[in-house]
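Chain S is already provided as a structure; the job is to place chain E on it using the hints.
Protein chains: 2
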Amino acid sequence: MKKLYITFVLLLVTSVVLGAEQFVQYQKTADSQLRLTGTADTILYDANDWEGVKIAVRNLRNDLKAVTGSPCAPILVATVGKSEIALQYKEQSKQLKGKWEQYLIFNDGGKLVILGSDKRGTIYGIYELSRQMGVSPWYWMADVPIAKHKDLYFTPGIYTNGEPKVKYRGIFINDENPCLQSWAREKFGNMNGEMYQHVYELLLRLRANLLWPGMWGAFPEDDPSNSRLYRPDGSYEGNCFNEDDLENPAIADRYGIVIGTSHHEPFQRSQQEWFRHRDEYGNGEWNYKTNRDGVRQFWRDGMEHTKNYESIITVGMRGDDDKPMVDMGSAKENFRMLAQIIKDQQKIIADVTKKPANQTPQVWTLYSEQLDYFDGGLDVPDDVIIVLCDDNFGDVRRLPTTPRKGGYGMYYHVAYYGAPRAQKWLNMSQIQQHWEQLQATYDYGVNKLWILNVGDIKPHEFPTTFFMDMAWNPEAFNADNLYDYTVDFYTKTFGAEHGAEIANIIDKHNKYTAYINAELLNQNTFNLESGEFERVTNKYLVLEARALRVYSALPDNFHDAYWQLVLYPVSAMANLYQMYYAAAKNRQFAEKNDPEANKWAQLSDDCFVRDSLLAHYYNHEMSGGKWNHMMDQKHIGFKTWHTPKQQTPPSVKRVTEASDQDQWVFTSSDGVCVIEAEHAYQRINPSADAQWKVIPNLGRTLSTIAVIPYTSSVEGAALEYMIEIPEEQFKDKIELHVALRSTMPFLKGGHGFKVSINGGEPQEVNYNKDMNWENKYNLMYPAAADRVIETKCTLKLKKSQDNRYILRFEPTAPGVALQKLILDIGSYTKSRLLGIESPHRRL
Amino acid sequence: MKKLYITFVLLLVTSVVLGAEQFVQYQKTADSQLRLTGTADTILYDANDWEGVKIAVRNLRNDLKAVTGSPCAPILVATVGKSEIALQYKEQSKQLKGKWEQYLIFNDGGKLVILGSDKRGTIYGIYELSRQMGVSPWYWMADVPIAKHKDLYFTPGIYTNGEPKVKYRGIFINDENPCLQSWAREKFGNMNGEMYQHVYELLLRLRANLLWPGMWGAFPEDDPSNSRLYRPDGSYEGNCFNEDDLENPAIADRYGIVIGTSHHEPFQRSQQEWFRHRDEYGNGEWNYKTNRDGVRQFWRDGMEHTKNYESIITVGMRGDDDKPMVDMGSAKENFRMLAQIIKDQQKIIADVTKKPANQTPQVWTLYSEQLDYFDGGLDVPDDVIIVLCDDNFGDVRRLPTTPRKGGYGMYYHVAYYGAPRAQKWLNMSQIQQHWEQLQATYDYGVNKLWILNVGDIKPHEFPTTFFMDMAWNPEAFNADNLYDYTVDFYTKTFGAEHGAEIANIIDKHNKYTAYINAELLNQNTFNLESGEFERVTNKYLVLEARALRVYSALPDNFHDAYWQLVLYPVSAMANLYQMYYAAAKNRQFAEKNDPEANKWAQLSDDCFVRDSLLAHYYNHEMSGGKWNHMMDQKHIGFKTWHTPKQQTPPSVKRVTEASDQDQWVFTSSDGVCVIEAEHAYQRINPSADAQWKVIPNLGRTLSTIAVIPYTSSVEGAALEYMIEIPEEQFKDKIELHVALRSTMPFLKGGHGFKVSINGGEPQEVNYNKDMNWENKYNLMYPAAADRVIETKCTLKLKKSQDNRYILRFEPTAPGVALQKLILDIGSYTKSRLLGIESPHRRL
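Residue numbers (the working numbering), protein chains in the order written: chain S, 1 to 843; chain E, 1 to 843.
Because the hints were derived from the structure by calculation, they are not lab data.
Note that CB positions come from ideal geometry on N, CA and C, so glycine has one too.
Don't take each hint at face value.
Distance ranges between label pairs, derived from CB positions [claimed, not checked]:
hint : chain 1 : residue 1 : chain 2 : residue 2 : range
1    : E       : T791      : S       : N283      : 45 to 55 Å
2    : E       : K733      : S       : R336      : 46 to 56 Å
3    : S       : T791      : E       : G319      : 30 to 40 Å
4    : S       : E186      : E       : A476      : 50 to 60 Å
5    : E       : P403      : S       : D689      : 45 to 55 Å
Pulled out of the complex, with its shape left as it was, chain S reads as follows (with noise of 0.2 Å):
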């Protein structure tokens, strides 16, 4: 299908210009430019360069080939002081001499030249290189797809992205079970170098250089009958970077990968290693007081290890577990402890190393309760870099006022697991939130580490894909150039076509998954009484048609990584909405043992069973079932913040269904009474042949309600209805509109009927004798093109003294079919609908 939906939010895309200007062109423009496409594959590098620089040249391969089908003219790559082709370039390796990441990408004489000043400088090159080709950080990751060109070519000039603002910008993957860790497991055996690398390739291509990997896996209330997440004891088994493959670490540093740990995890050693080892190290307590040689034996095993990879060693010590650290009695003997293990822990790092231990980068994380020593003044070595937190749903806690040399980082969050709720399933947040902490982040000078805690990564792509082009370049966004950053992704994501209106449909959705995270929102989040639950529910549903007509009109191979990063969390989420909308409008209709309850339970129910559907084709059937898993994590029925071991539908609760023998009462709400007419207290039939009968669903209303047959006498039928006037709303005159369907005078004479309330004069009325030839254009016509015949009477009440007032209706002759009463008792505004029914309840 071709695009058949206006972008609805049109604008002037400004793009945000966070790599260096577009260099790359797919059409010759100007006879300067050099063609990128060639006989030969000629990437031409210094065989002593950097590892990770060679494996970014096979990518690029590999991209020329994917764009344009042909092979690529000459490039040259090369590392200032690594690789000899640099030295060709003297000029430009002086420019690049004691940057940080950076490159230079310029044509020499109909060669193309990427110069790195150290290894991740050339890799960003070359990923910047194909980045403008249009091939996107996520092509394996989401399976975005890379559009095809004939040719490529470069426009004269000298491109760097200069340095990037914070030096080291990374991914922190955590609670990775049961998503990513299944995943895993699945597709590549474990969490290891095979399965890693294509992080780090997205790393790189997002100019990231820094992970913390995954470390936690099963928690206790995972399935314990899955033995692969449980150690032989029975206690639950987390990942270990180290050990699960131990050709990790090497592969991370040969890519260009720089590895951290969590917050807790000191000298490169995961959690997981200490549970498998303790019993090797002293009395295996992690307990600095009772353990201190066999904790400080740990850690220097780790330094070891790590010693000849790009690391950042984590200092500090919490507790085992994810816990504070263990009390040494007084908030006084703590603070003392860390500063002394801070302490001995440089020592260690001097020691093997061999060097002072400031030529190790280092990080102390002020997680937690972490935080309170910093405030209290606890005093770690300069070159430590301290990095604050947020508290978890991306608000920082602290910033600093002081400037130090070791300076500061930043841990933040995109994906949660903890109080009060899991925020684990999908991207809740808006990336106008992440912004407005990140650059006072920035402005307070926090630019060593920014680490982004991405659960599973997936599906983070956009935030996380936003946090490492912020952490490039903080001072490139403002807070009107935000929508323009999300209109540029998803234009390169999904092309100029339809990425304004993706952009735009992500930018509500995320807008309404910052109402409520899935896993608090339930049937009490929003007003029902007020209409507030409705209008946000059906606002979803309706973003979700944007997004069904977007998925129409793109290409079939878009289809799976539109799937994966709009219509699936589109769609499960506006199914979230309906499912507990339906749940609160079961229980409002279910306590006036109204039958409408039945089907919103049925909706409810529904839902539930459509999110399973959803999750389920994520993960079977989308790009043929490559991220099996990767959906597995439960939403639904969270009663704490720890995952109920299996979803539950919200309850729900069934009426006996609605039959000829109902009564309905009605109570008058400000001033008006609205009846649907097959909600009468009694319907009195003229005969056993000729009968009341209910016509569902005609007529802009709930349903028509005719005696039938039509040949049939209708003498002695009656419908009679129940009103309670409260007394503030009581007149002694209403006017009654009764909406009939637009029957003409078929039979001679017309049709009509009686209305008396209380046993009162009944009033006549015959609605449509006149609509004949005569009157055709002031009365027929306009009748039948309405569908409604809407009449009015004016009615005398007397006061009761219950309140209660019986409205008797008696059609005058066969084919009257009624649609719906309304008593205006000084308050009825009209409506094309004839108003919303009135409050009832079925006896």
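Structure of chain E alone, referenced to chain S:
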């Protein structure tokens, strides 16, 4: 994509039994079953049988091949009294004797026998087999795919569908410009036999037998530059069945279709024939008084031309161009004249056919003013069928209370071009409406002829099918099985997996279309203030979401059929609702000089464009352009019932865009005043370097406003809000809710603000200082997950003379990010989205 939705209304489908009971199976379940797939195509029939039977046999052979891909087993087809083969089946032939359009189907020792009482009896039997094999009557006219099955089996038994309860059942192609006529001319050169054959086949597969051919063509308001639509003298041209293709009547007869003509075209001669040949008949006046002989000769020539074909002759006379008959001077004289005309017409029939007139079926159709003649007791011969009419919108105008020999018929509309507005574009009606009127029609003994005005045939596929099924056996339907019928139709069309969901979508869609015709819908139709317009628009868009879900889930080969039968009507109507709603919202906001108006204006304009994109897809992309012109009908911008020359979008108004200097004034309503923070009366910046800055879209609210950068002092910064509190709402104490972004105390001591009203004593609030580790569970995490901190303080109010109050908000620390202010003057009810902004205007 697989099925990713739940059929929201599940039910046990009690299929409405309209054909014979199911005798075709796809799997062998009993030895007694007859396998219908064989090794040679052996459908045997007598060369002497009806031509129409042979055509149906040819189609059956194709259908069998399409289903199984194999030749068929022996099938015998025979018409009693026409085929030698029938003589072998004496017993069965006896059963069929004298029956109208009845068939018997049975297994005669390994041969399947289809035996018909007459031509159409046999044909209907053949198509019953096709239908049971899974070939939709709409396989060509709506591109419904034919499902493949390896084998077909016939379950033993003798099957019949009885006789139809209504003798003549058919359609009237009417007002066929700009759609069907343009389509026919492009695809077939004209409305010729090649085109009509598709119509005949469709009708026979639907078990209909009657056609009133198209005769209308262009209208004066149509494009005069299109010469094909006009005669040389500039007057517009209609279609002429007998002359546009001289073979037309013969082909119809060969197929087995009875031809009639519309109410104002006696003797099978279309209005166009008179236009073209009037000069050959007397003085050329269509006036029985001044040109009696000319008119009679015209009629006689018609009778000569048609006498050898199965026809129904229209008698009576209306005026030229579908207007009332030329006035003869008085009602009495008109009356007398019409009686005379019919008498004379009977004579012509008898003269030409050389048989008594009562041996030729005749109708007198009581369209428009003609009913008055009937009501006046005009005496027509017993053998003429009196065809009653509806009001063009599906409400029958008269039902008979006196039986007569010739009986009665009904001319009914699902499409119409006339006052008050056209109903030409899409089906706007519910089958419930049709059933309710047609059951009465049948009950009052109207059973000789039912004809449906279907406009261009497409897109009235569903109600046309319903009408024919109802005409075959009205007794099979009741109020409770109409929905089952819908499910059955869409299940047969799209398969069991999706049928019920599609049926539910269409049932809702037609409920919504029946709210008001598309051509009458505009920005004033629904109540905007009460939320009715928003609700109904959202409901339509939500329905579109459901329709799109099904589209994504359907196999590709169903997409074209689904687009024309479901997705186009639903999407196009949802889009119209959104357009008019947007225009209504635009007006509402523009009146208050609110820049929101511009977004709505854009949306309205965008929807207008999208309408044409959807129609363009239907015409040009769907089914490879097979149905080009079928969606040429304009439907936006009607001022009268005449189609406008071009569609014009709803008028919208744009206002100046938002700026930092905007001054907003609020009015409290119902005891509460809700203010989006960016809508200040005045923004006071603390310095040139630190400014109030709106962060669009951040929060549950419109936006967030804060002084940026957060590293600057906020000394002197303030926001002022102007609020009008009408006297009757005034209270001397109000609760002020201030909603802020969930900022943590990133600066020690936390964040706060001062508020004051009309220069009164400011209240100071610190809203986050205790959100620390100690209070993580009770304060920090809940606020973080909420993403909003809502504070409350009480302010004293002094009554002001002009009822205006200035609320002043001053941040006391950098990083205070304000989202919403709520002045609770007694009536605020909690809501997740912090209420809907109160009435406000921009100065």
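Verification of the hints:
Between T791/E and N283/S the CB atoms are about 51 Å apart, so this pair conforms to the stated range of 45 to 55 Å. Roughly 53 Å separates the CB atoms of K733/E and R336/S, a value that falls within the hinted 46 to 56 Å. Remark: the range hint 30 to 40 Å for T791/S to G319/E is upheld by a beta-carbon distance near 35 Å. Under the hint 50 to 60 Å, the C-beta atoms of E186/S and A476/E, about 55 Å apart, fit the expected range.
Distance hint check: the CB atoms of P403/E and D689/S are about 20 Å apart, inconsistent with the given range 45 to 55 Å.
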